[in-house]
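In order, the protein sequence lines correspond to chains A and B. If you want this note's numbering, it's the 1-based position in the first sequence plus 1. If you want this note's numbering, it's the 1-based position in the second sequence plus 4.
Hints should not be assumed to be uniformly reliable.
Facing chain B, from chain A, some residues (calculated, C-beta under 8 angstroms) [claimed, not checked]:
hint, residue
1, Arg24
2, Ala43
3, Gln69
4, Glu75
Derived contacts from chain A toward chain B, CB cut-off under 10 angstroms, selection only [unchecked claim]:
hint, residue
5, Lys4
6, Lys6
7, Thr15
8, Asn23
9, Arg31
10, Ile34
11, Gly68
12, Gln73
13, Val76
14, Lys78
15, Glu105
Beta-carbon label-pair distances, calculated as ranges [unchecked claim]:
hint, chain 1, residue 1, chain 2, residue 2, range
16, B, Asp138, A, Glu170, 44 to 50 angstroms
17, A, Glu170, B, Lys203, 24 to 30 angstroms
18, B, Leu218, A, His142, 52 to 58 angstroms
Since the hints were derived computationally from the structure, they do not count as laboratory data. Just so you know, even glycine gets a beta-carbon here, dropped at the ideal spot from N, CA and C.
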Amino acid sequence: MEKEKKQYTVSVYTENNIGLLNRISAIFQRRHINIESMNISASEIEGVSRFTILVIVSEVQIKRIIGQIEKQIEVIKAYYHTDEDTIYQVSGMFKIKSDLLFEEGQIQQIIKDSNSRIVAVNKRFFVLEKSGRKQEVEQLHQTLRTFGIMQYVRSGRIAVTKDEMKISEIITGLKN
Amino acid sequence: MMVKHEIMKTKQTILEKKVIHSSTYVSGSEAVVKCLLAEGVDVLYGYPGGAIMPVYDALYKYQDKIHHVLTRHEQGATHAAQGYARISGKTGVAIATSGPGATNLITGIADAQIDSTPMVCITGQVPSHLLGSDAFQETDIVGISTPITKWNHQVTKASEIPEVLAKAFYIAKSGRPGPVLIDITKDAQFEKFEFSYKKCESIRSYNPVPKIELSSVKTAAELINAAKRPMIVWGQGVILGEAEQELTAVIEKAGIPSAWTIMGASAIPTSHPLNVGMVGMHGNYAPNVLTNECDVLIAIGMRFDDRVTGRLDAYARQAKIIHFEIDPAEIHKNVKADVAVLGDAKESLKLVLPLLKANSHPEWHQKFKYLYEVEFEKVIDKDLHPTKEGMTMGEVLKEINAQTKGNAAIVSDVGQHQMIACRYANFNKTKSNITSGGLGTMGFSLPAAIGAKMAAPEREVISISGDGGCQMTIQELGTILQSKIAVKVVVLNNEFLGMVRQWQQLFFDKRYASTQMTNPDFITIAKGYFLNAKRVTKREDLAEAVAEMIASKDAYFLEVCVEKEDNVFPMVPAGASVSEIRLT
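If we strip away everything but chain A, and leave its shape as in the complex, we get (with noise of 0.2 angstroms):
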């Protein structure tokens, strides 16, 4: 069971630093693991970074990358969670031609039934974003790719755990 490989989601949290980042990304380089993605930014807390990053990896694997992460000096905490235990999107960007929008009817139809929304529009071109899971954004492009599509971005996963990771309470109880 603990070596059967899934999708885990890790949260870490962590000084703002120079470098950190490239301390983090070795520790997953250097055992061969793929980042499938990351996601870096403020946290609940003034001053402390959150990073999500998301691997394909065993348990076993997954609790031993948590314990070097820690090691870190900068990193204040770090947790896994699985999917179940947290809600979770990523958010994707579509930049697509104005005049499809007149010329191709069903692209209307497209944006209200994928609840996605349009962010910015001009003669030449209109933007559409669509948060959600991974597969819905996916799902969006594989609709609109058959129109032609100018440019298309997907973020990594950020993610909030269900239960409390009571960050917090180990900065209070932190010295300094």
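Based on the hints, put chain B in the right spot on chain A.
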């Protein structure tokens, strides 16, 4: 009059302020030296070059307070700093310029990382406005050293220097020690600022010593008390945590046969009756075999390295495992622990001692004794008292033991001689075995011995290497010459890269690919560095030559020509279980 008086007073105050001002308003490079002094650094090893010149200029000014040793290569500087750290328990310091100077430090940094040696490396860097421009001697040393440092940081402003260096020394030495690299741009070295220094005592995201859970100590004690066949394997954590006395007390009270990893050697004297020798690939027969017979295995400050465990799924499967360890990432990493006691070894052992019942396990000890006798007959006797013509490495060690009475610090290199040195050296004192355990860095011994001798000038420090390893850093004989360091250098010459040759013999049908060495005349080389030097080719000359070396007040180079194709046994072949250890 009042007014004049006041003016005078003001003038005086300004003057006083100026004095204070000038004493603390310093350049970044002078600040580096002041930080080193504040951290109690009295010696550092390095090599100058363009981007670190301002710091060298400051070192020139402070040469009466801090001793800089010019090595012949930056790798030598790191190993010397390591040797210094390993024998003294203090943090070693190495310094180099940017580019090639910095990259030459890498092997030593990687070695210090895997062997948990406290070391601070300072590198010069091109001026900050040139960063990323592929400037002359620019290299991304912070990027390069990231995976092999405990922490690293680039400084681009002089004002950051005190805080960053304070952090560097704190991180290098605290918890599980390791190397830290600080890269300082040349403009930051020149920039002037108001200097003040405060030692670093904590970092909020860093918990170097986990708090010991008393319940785990209690469970550990219960397991040990109930054990019929307990065995201890200790590692370097005992030495780093200065827990030698506590370990001895535990061993003696509970009567537990105790073995050591290569990094743990010398923590308890070789002669201690409960010391049953070394575990691992070329360790002793009894502790390897009985690892798979004990009912409780107590691992203390060791990390179940693959050279120790052999095949993992056949390692101590029958035993309950208790793991005393300071680094949470080591728990369950290779071997799943039934009880993990996280924390400092000294404190943990202190807590467990009163909970232990006095015990002696005489029948269990008999097994160790019996297997030792088997090993003695098949291996040890032949190594130490050979009847064949050619000299063995073992008899050289036996002679060194006899003449130093086990009081020398043995600094070994990597290969056959290393295994022989660790197996046969008599250690009376802790911190006497200095070797490259985890990384297996050939060339480690000579420069590490320089650092060790400088940190412990009162001790006999003997570098032991092979003809291969010694040539990897032989240029450091120049450091010995210039800095007048009374290191004894023993080269056990078998005209082969012996360990690789042994594997070729055993596992590659004697296809000796690139392991035969055409060697220089080592004595001529040593004499070229104006060192006393002697070559021994016959057994009858060995004792006298070792005596001459030990008696020498100055450095001494001794080459001993040993049997060419001797093998090191016992041996756990790669992929085999520890109990499948071979005696021949």
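Results of checking the hints against the structure:
Proximity of Arg24/A to chain B holds as hinted, the smallest CB-CB distance being about 5 angstroms (cut-off 8 angstroms). With a cut of 8 angstroms, the hint placing Ala43/A at the interface with chain B is violated, because the nearest CB-to-CB distance is about 16 angstroms. The interface hint given for Gln69/A is met, as the beta carbon of that residue sits about 6 angstroms from the closest beta carbon of chain B, less than 8 angstroms. Checking Glu75/A against chain B: minimum C-beta separation of about 5 angstroms stays under 8 angstroms; hint holds.
With its C-beta approaching chain B no nearer than about 12 angstroms, Lys4/A sits outside the 10 angstroms limit, and its interface hint is violated. Here the hint on Lys6/A is broken, as its CB sits about 19 angstroms from the closest CB of chain B, past 10 angstroms. With 10 angstroms as the threshold, the beta carbon of Thr15/A comes within range of chain B, its nearest partner Cβ sitting at about 7 angstroms, so the hint holds. Against a cut-off of 10 angstroms between C-beta atoms, the interface hint on Asn23/A holds, since the closest Cβ of chain B lies about 5 angstroms away.
Residue-level restraint check for Arg31/A holds (minimum Cβ-Cβ distance to chain B is 6 angstroms; threshold 10 angstroms). The interface hint given for Ile34/A is violated, since its Cβ lies 14 angstroms from the closest Cβ of chain B, which is over the 10 angstroms cut-off. With a least beta-carbon distance of about 3 angstroms to chain B, the hint placing Gly68/A at the interface is held under the 10 angstroms criterion. Satisfaction of the interface hint for Gln73/A is found here, the shortest Cβ-Cβ separation to chain B being roughly 8 angstroms, below the 10 angstroms cut-off.
Using the Cβ-Cβ criterion of 10 angstroms, the hint placing Val76/A at the interface with chain B is satisfied: the shortest such distance is roughly 6 angstroms. With its C-beta approaching chain B no nearer than about 9 angstroms, Lys78/A sits inside the 10 angstroms limit, and its interface hint holds. Hint status for Glu105/A: violated, given a least beta-carbon distance of 46 angstroms to chain B, over 10 angstroms. Restraint check, Asp138/B to Glu170/A: a C-beta distance of roughly 47 angstroms satisfies the suggested window 44 to 50 angstroms.
Against the hinted window of 24 to 30 angstroms, the Cβ-Cβ separation of Glu170/A and Lys203/B comes to about 29 angstroms, which satisfies the hint. Between Leu218/B and His142/A the C-beta distance comes to about 56 angstroms, which sits within the given range of 52 to 58 angstroms.
Hints 2, 5, 6, 10, 15, counting from the list given before, are not met by this structure.
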